[in-house]
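2 protein chains.
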Amino acid sequence: MRRMALIVQKYGGSSVADAEKIRNVARRVAETAKGGHRLVVVVSAMGKTTDGLVALAHQITPAPDPREMDMLLATGEPVTIALLAMALHALGFKARSFTGPQINMVTDAAHTKARIRRIGGERGRAALDAGEIVVVAGFQGATEDGEITTLGRGGSDLTAVALAAALDADVCEIYTDVDGVYTADPNVVPDARKLERISYDEMLEMASLGAKVLQSRSVEFAKKYGVPVHVRSSFKADPGTLVTREDSGMEEVVVTSVTHDRNQAKVSIMRVPDRPGVAAQVFAAVADQNIVVDMIVQNISRDGFTDMSFTLPRGDRARAAAVLEEVARRVGAEGVQHNDRVAKISIVGVGMRSHSGVAARMFSTLSREGINIHMISTSEIAVSCVIDDKYGELAVRALHEAFELAGR
Amino acid sequence: MRRMALIVQKYGGSSVADAEKIRNVARRVAETAKGGHRLVVVVSAMGKTTDGLVALAHQITPAPDPREMDMLLATGEPVTIALLAMALHALGFKARSFTGPQINMVTDAAHTKARIRRIGGERGRAALDAGEIVVVAGFQGATEDGEITTLGRGGSDLTAVALAAALDADVCEIYTDVDGVYTADPNVVPDARKLERISYDEMLEMASLGAKVLQSRSVEFAKKYGVPVHVRSSFKADPGTLVTREDSGMEEVVVTSVTHDRNQAKVSIMRVPDRPGVAAQVFAAVADQNIVVDMIVQNISRDGFTDMSFTLPRGDRARAAAVLEEVARRVGAEGVQHNDRVAKISIVGVGMRSHSGVAARMFSTLSREGINIHMISTSEIAVSCVIDDKYGELAVRALHEAFELAGR
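Protein sequences, first through last, are from chains A and B.
Residue numbering for the first sequence follows the numbering used here, starting at 99 and increasing by one per position.
Residue numbering for the second sequence follows the numbering used here, starting at 99 and increasing by one per position.
These are computed hints drawn from the structure, not numbers from a lab.
Be aware that one or more of the hints could be misleading.
When chains are identical, the list treats them as one kind, so a pair holds in a single copy or across two.
Unchecked claim - Calculated lysine to aspartate or glutamate pairs in the DMTMM-like style (CA-CA distance at most 25 Å, straight line):
1. 119 to 149
2. 146 to 116
3. 146 to 118
4. 292 to 344
5. 192 to 245
6. 321 to 118
7. 132 to 268
8. 192 to 206
9. 292 to 277
10. 488 to 438
11. 488 to 372
12. 192 to 242
13. 132 to 336
14. 146 to 491
15. 192 to 243
16. 322 to 220
17. 146 to 268
Only chain A is shown next, with the shape it has when bound in the complex (with noise of 0.2 Å):
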């Protein structure tokens, strides 16, 4: 006889925008558990629900206490787990929905942003007992003191991976509009390939990386409590792709995706005076403006100067330019150069660590197509490289014949 298995199952807004669509979710989770199968049943808010709460916050003012912001936007979606538990007792299920607060996910009190600090499994573990399908509300969550929070962005995933962990999940399914994680945009590379597993560590480089599968918080979660997560299509009923624990397979695939990203912006210092203090100074000002900057690089000083550059939301380049002209002044830096026609195109993958050459040949694949590298940077698992926007496309398609990622 087949084991019971616990599954958490995670549906996103745009997967219960309407009546319609939840009754669907809820023949999807009815067959899961017709195969005998326990499972906890996360949701997101309906459709654009969050967005509307945001907006009506704003028709009242610009600048909402967090708090209170938390109260609104933790409305969304137990209107969700309500009417999905409504719509699986017509299917003849029983199920029972829990707020956050309710399932016990309890939180610091950085509200809007909060962190999860520990998860009492005590009353989701009694409805499981009693068979049956228990519907939680994803992003929110409570302090000690009852007081309401929200998870921030991705936050239902999250709480579909923090809830695994703490009940011991054998899987944790994240339900999305595309059918798993594959080894280059496939719009891009026609035969990029859907990769059967791929690692946590692997999985992170590419969730900072553009590919917008999973959030980094949800990733890193998974990893730190050895979560399974199947991350697959809502629409299909074919397996996606499992994000696991490294195993030895793995590790003879060197390479196991390219990743792109094309909204990125270049900037430079030029000649910045190389004595300690003033990398601090340039970051701090950036991060005054609230702009989040990816890779940085800063080759070594010659004379006693050096040129620093990063690479950062092209939205936001023109506000850098600006901050850091004033800072270059400061700082006695010659001037700033900025490229908003740029795109970072990087290669992952575990093997990368105890296989030297792959830079190399990385490299060398570029240049023979004929694109020049403005910045180069590199992670224990991944190699990017900045070039012209226009060569993005190209890039990629080279780099995932170069590494035979296509049909193994």
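Starting from the known structure of chain A, fit chain B onto it as the hints suggest.
Just chain B now, with coordinates in the frame of chain A:
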């Protein structure tokens, strides 16, 4: 120096229907707060939100589970409290919102029509002591186990009165779209007078007699705990009507008001055998159809037979008549008569207890106008007559004049 009062205010759904109206309520609350008073504000869901949620549930299933229905319905008010708190912040006031569970509104587990068990006033009191305006979600509570419940129709009024009792407030102000309680419907009797004060018992009679200012449950609660309730207009600053304990001044007035209900029908079962158990059979059959009966009149029997009459909402008449034809056959009655062109006219006043002749004056007034009385029923502080619908307004005007209710 004036004593600092504690005031509970309640605003209904139409007063908070959009962002602009919520800002208006905030300004009204701010005016009271500027007077140096401590304030608890109870609000309903915005406009028709609750109706919309009910409709959504019925898109999922015709018979939603009551627990899940409460989970769904309880999402409406937290939107309003968050927005009102934000609006008060924008006016420079300290304010903090609380859901029903957060303010410790503990109820029994009768989902969709829960009854209040107790209110832990600690959190509200702590916020008031910190100089904050306390904003509370009406209509909702939670069981001791943390299950979310709602209080049924008129639940937000009940929340306000119950909080006023728990916090020992000086007054509970209910803001509505009328500016108080009148001696008769001003649309019918142009010189009807707004009552400055009215007793709980009179208000209860009026509430059940079709004056829809306050739900009976809230008045009962206010009476039980001696909470003074001030019914007043959301749109005008004028004082409204204070619902309070009887005082010596009230006793002097025999009749306080004339009410009428035009939405009634009359059904009679003719020549019912007068033996034990027959009345029970008749009303059990009606109750099985979820039809709420209002007046019931049965006179003494003659030759072992009696006639039973009662009034009920006009929309239920056809259904009730069908059921009763069947019951009449079963118990051996002669048949069923019905009439949905009737109105119920009542006079209400605590002074009636100690004054004979009040009913007689009512009957003679109607007689003088040539109005025939179909049914009569009396309570301790009210006399009601069922008459032809077409004489309803004439009867109200004649009684209003006969009891000298205008411009005293």
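Evaluation of the provided hints:
Taking the shortest Cα distances, residue 119 and residue 149 sit within 25 Å of each other both inside one copy (19 Å) and across copies (21 Å). Proximity of residue 146 and residue 116 under a CA criterion of 25 Å is satisfied in both settings, with 10 Å inside one chain copy and 19 Å between copies. Taking the shortest alpha-carbon separations for residue 146 and residue 118, both the intra-copy value of 16 Å and the inter-copy value of 22 Å come in at or below 25 Å. Proximity of residue 292 to residue 344 under the C-alpha cut-off of 25 Å is restricted to the intra-copy arrangement: shortest distance 18 Å within a copy versus 79 Å between copies.
Taking CA atoms no more than 25 Å apart as the test, residue 192 paired with residue 245 passes between copies only; the shortest distance there is 17 Å, against 30 Å inside one copy. Taking the closest pair of Cα atoms, residue 321 and residue 118 never come within 25 Å of each other, the shortest separation being 35 Å inside a single copy and 47 Å across copies. In this assembly of identical chains, the alpha carbons of residue 132 and residue 268 lie at most 25 Å apart only when taken from the same copy (17 Å versus 58 Å across copies). In the homo-oligomer, the alpha carbons of residue 192 and residue 206 lie at most 25 Å apart only across protomers (23 Å), although the nearest pairing inside one protomer, at 33 Å, exceeds that limit.
For the homomeric pair residue 292 and residue 277, the shortest alpha-carbon distance inside one copy (8 Å) is at most 25 Å, but the shortest distance between copies (68 Å) is not. Proximity of residue 488 to residue 438 under the C-alpha cut-off of 25 Å is restricted to the intra-copy arrangement: shortest distance 11 Å within a copy versus 80 Å between copies. With identical chains, the CA atoms of residue 488 and residue 372 are never at most 25 Å apart, being 33 Å at best within one copy and 98 Å at best between copies. Only between protomers do residue 192 and residue 242 lie at most 25 Å apart by alpha-carbon distance; the minimum there is 23 Å, versus 30 Å within a single protomer.
In this assembly of identical chains, residue 132 and residue 336 lie within 25 Å of each other by CA distance solely inside one copy; the values are 18 Å within and 64 Å between copies. Taking the closest pair of Cα atoms, residue 146 and residue 491 never come within 25 Å of each other, the shortest separation being 32 Å inside a single copy and 51 Å across copies. Taking the shortest Cα distances, residue 192 and residue 243 sit within 25 Å of each other only across copies (20 Å), while inside one copy they are farther apart (31 Å). Taking CA atoms no more than 25 Å apart as the test, residue 322 paired with residue 220 passes inside one copy only; the shortest distance there is 22 Å, against 39 Å between copies.
For the homomeric pair residue 146 and residue 268, neither the shortest alpha-carbon distance inside one copy (31 Å) nor that between copies (43 Å) is at most 25 Å.
The structure shown violates the earlier hints numbered 6, 11, 14 and 17.
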